[in-house]
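Student: Taken in order, these protein sequences are the chains called A and B.
Just add 5 to the spot in the first sequence (first one is 1) and you have the working numbering.
Just add 56 to the spot in the second sequence (first one is 1) and you have the working numbering.
FYI, nobody ran anything at the bench for these hints, they're computed from the structure.
Keep in mind the model is a prediction, meaning the values are calculated, not measured.
Glycine is no exception: its CB is placed at the ideal position from the N, C-alpha and C atoms.
A hint or two may mislead.
Stated by the list, open to error - Take a look, some chain B residues computed to stay more than 10 Å from chain A by CB distance:
| # | residue |
| --- | --- |
| 1 | Gly-108 |
| 2 | Leu-161 |
| 3 | Asp-179 |
| 4 | Arg-181 |
| 5 | Ser-204 |
| 6 | Leu-207 |
As the list claims (entries may be wrong) - Cut-off 35 Å, straight-line C-alpha distance, at most; resulting in silico cross-link-like pairs (DSBU-like, lysine-lysine):
| # | chain 1 | residue 1 | chain 2 | residue 2 |
| --- | --- | --- | --- | --- |
| 7 | A | Lys-76 | B | Lys-319 |
| 8 | B | Lys-120 | B | Lys-320 |
| 9 | B | Lys-99 | A | Lys-106 |
| 10 | A | Lys-220 | A | Lys-322 |
| 11 | A | Lys-259 | A | Lys-357 |
| 12 | B | Lys-278 | A | Lys-109 |
| 13 | A | Lys-169 | B | Lys-320 |
| 14 | B | Lys-302 | A | Lys-220 |
| 15 | B | Lys-99 | A | Lys-220 |
| 16 | A | Lys-169 | A | Lys-106 |
| 17 | B | Lys-120 | A | Lys-106 |
| 18 | A | Lys-169 | B | Lys-319 |
| 19 | A | Lys-259 | A | Lys-322 |
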Amino acid sequence: MTKEKNKGNAGDSILEKPISRRDILRLAGVGGAGLLLGASGVGAILGATGKTALGAAKQSDQEDRIGFYGKHQSGITTPAQDFLMFAAFDLTTDSVDDVRKLFKAWTVASAAMAKGILIGENNENLNLPPSDTGEAAGLNPSRTTITFGVGPTFFDSRFGLAAKRPAALVDLPAFGGDELREEWCGGDIGVQVNANDMQIAFHAIRNLARIARGKAVLRWTQEGFQRTSGSDPAGSTPRNLMGFKDGTGNPDVKDESLMNDVIWAQNGDGASWMAGGSYMVVRRIRIRVEVWDRSTLGDQEATFGRHRGSGAPIGSKNELDPVDLNKKDDNGKPLIPVHSHVALARGDGSIKILRRSYSYSSGMDNRTGQFDAGLLFICYNRDTRKQFIPMQQKLGQNDALNEYIVHNGSAVFACFPGVREGGYIGDTLL
Amino acid sequence: MRIKLAAVLLASTVVVAGCGSNNNNQANNAKEASTNTEQSASKVENWDEITGQYRDFALDQTDKLIAETDKFVQAVKTGDVETAKSLYAPTRMYYERIEPIAEALGDLDPNIDARENDVEEKDWRGFHRIEQALWVNNTTSGAEDYASQLLDDTKTLRALIETVEVEPSLLVTGAVELLNEVSSSKVTGEEERYSHTDLYDFAANVEGAKKIYELLQAELNKQDAELEGQIGTSFANLEQALAAYKSGDGYVSYLDLKEEDTKKLSQLLDALAEPLSQMGTILGA
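Please model the complete structure; the sequences and the hints are all you need to start from.
Tutor: Right, dumping it as structure tokens:
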């Protein structure tokens, strides 16, 4: 910009000032309308002024924009962004019409937020509160995705939808090691917001909650984080707060047939409205970090079944080396302990889920003075009964990790298939 | 005091001036309006009638406030702690219903309604100073002068309301302000920290907001029937929830509320305040 500024002339004085993307859009025809021009229209305007530096900014915006509409909802097979804001809502209305209105309004708002533009029409009227709360104004969309699902209670007697409840949307059984707290459990609706900017993620939930007033209220929320893409441009497997790599065993999201096999609900699975959707399991897992921090490296690695530094299975060199549970040490004992996390989670390798977890830190537990920190475990699977539940049953009973963690929140949601432009979230159901 | 009043009026009309910025004529008209304090807000033809009715309501509430404060003050001055305690919360309701208008009148709101630490110790007077004497010290002694001042302040309030021109924008934002009052201090039990009579204020603030809604209801219905209906339903939901905490002619102590009670009330309040904050739509853009 500095260089541009020096050769500026009276004709393009507006470009001598720092100029935001929104200003450019305004030049292009005000807010949302400008976006209708698409990249080429904006580019043409920039091109006409001969300012290519601004064109570059626009280019990166484009890369950081994940479309809201599509065959599947974004935020599931989308590579994990830096931040999470999860929120569970309870409906306060008992009118299915109200729910439909809410879903329509949420769809429009979410599509705007994914584009990085202001929500609503009343952002200039001094007599009204602005439609958009404004803290994300002018920011790069930061790969925002907003993913919606409905919980088992959505199908109780209130809306007459009991018959449409998918069999795969089961209430989770009690697992070993559960210490569930009401304040972090359940919800009629679950919303997962991800973005590479925490302020943008918060903005999304805040505005969705505002739009919902009178129809739904927040039930619980949890923010989450990982190492950012700035700190790890290579995008290696993130580490959890125990210092170990988490998510190494995830299935390849680029393998479409594998995704159809293990993530996306299919026609014929039961509830036809869920075809193309996925079942989300959320578990708030507190890590007893104080206890963990005083266990030896040897114990820590035996607990996970992996080396801390490389992420490789014990006895192997590289993170992606195969997990061979039959390998024995000199004394004939399995190299990877049978009750280690990786041994139990992997099992015979036939059960796969897509983990999309984030670390959380929620201040301090005032009763103990210890951290309330851990993992907001989120996973997607095609049928929770056949995937997450059997896996967690094994882990809950035997996982060596249980000594250091406690599950204190839990929820399941049926995440809708993707929305076609002009449609709305849940339109296959409502 | 007249100067302060003029400043308040000017400040609120500037808002009207600004909103017409996409139309120079409109903006100029609004600026002219601000000099003679006559309202020319678009869309609504009978603003004078509506604001006049609100003024009458405010005067009526103030008359009752004076009458009830008089009884309260007598009890304080005669050392009748129990009677003073029983009159405290019901008396305040007349004030709480019209709080936004009082807040627009300079120092009157702090003089009547400041809580400890809201103002400097030497300036602290009004209802809450007496509340502290009654509930914390269980005495009226030392509170007599505050009682006399309080009665004088309510009379000053009456005199000032008589002279004030109620602006449509004050009306529209006042309704939301009343609910914001509830949201920030009453639903949290911070307003009546000694007597725990917060639910009286809660109810009165809601009634004050409801009055404004009722005055604007017909106009609002013409311009946005869905919004009008949504506000009506939300008032009904909140009133119904609040009714569960009635006790005799009043309300239960804040200390009797559980966390789930205050959460529910707070969420119903937010559900009402959000659509209510859109009432400004009748002022035009």
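Student: Now tell me if each hint is right for this structure.
Tutor: The hints, checked one at a time:
At roughly 21 Å from the closest C-beta of chain A, the C-beta of Gly-108 of chain B stays outside 10 Å, upholding its exclusion from the interface. For Leu-161 of chain B, the shortest C-beta to C-beta distance to chain A comes to about 23 Å, beyond the 10 Å cut-off, and the non-interface label holds. Asp-179 of chain B, annotated as away from the interface, keeps every beta carbon of chain A farther than 10 Å; the closest lies near 33 Å. Against chain A, the non-interface label of Arg-181 of chain B holds: every CB pair exceeds 10 Å, the least being about 35 Å.
With a minimum CB-CB distance of about 42 Å to chain A, Ser-204 of chain B clears the 10 Å threshold, and the non-interface call stands. Non-interface status of Leu-207 of chain B relative to chain A is upheld: no Cβ of that chain comes within 10 Å, the nearest being about 38 Å off. Restraint check for Lys-76 of chain A and Lys-319 of chain B: the C-alpha separation of about 39 Å exceeds 35 Å, so the hint is violated. Distance restraint check for Lys-120 of chain B and Lys-320 of chain B: the Cα-Cα separation of roughly 32 Å lies within the 35 Å cut-off, and the hinted pair is therefore satisfied.
A C-alpha spacing of about 27 Å is found between Lys-99 of chain B and Lys-106 of chain A, which places the hinted pair at or below 35 Å, so the restraint holds. Taking the CA atoms of Lys-220 of chain A and Lys-322 of chain A, the gap is near 54 Å; set against the 35 Å cutoff, the hint is violated. A threshold of 35 Å between alpha carbons decides the hint, and for Lys-259 of chain A with Lys-357 of chain A the separation of about 15 Å falls inside it, so the pair holds. A distance of roughly 25 Å separates the Cα atoms of Lys-278 of chain B and Lys-109 of chain A; the hinted pair therefore holds under the 35 Å criterion.
Distance check on the hinted pair: Lys-169 of chain A and Lys-320 of chain B sit about 29 Å apart at the alpha-carbon level, within 35 Å; holds. Between the alpha carbons of Lys-302 of chain B and Lys-220 of chain A the distance comes to roughly 26 Å, so the proposed pair stays at or under 35 Å and holds. Distance check on the hinted pair: Lys-99 of chain B and Lys-220 of chain A sit about 29 Å apart at the alpha-carbon level, within 35 Å; holds. At roughly 19 Å between alpha-carbon atoms, Lys-169 of chain A and Lys-106 of chain A fall within 35 Å of each other, so this suggested pair holds.
Note on Lys-120 of chain B and Lys-106 of chain A: the hinted pairing is violated, with a Cα-Cα distance of about 44 Å set against a maximum of 35 Å. Annotation: proposed proximity of Lys-169 of chain A to Lys-319 of chain B holds, straight-line Cα distance about 31 Å (limit 35 Å). Restraint check for Lys-259 of chain A and Lys-322 of chain A: the C-alpha separation of about 26 Å stays at or below 35 Å, so the hint holds.
Going through the hint list in order, the structure does not satisfy hints 7, 10 and 17.
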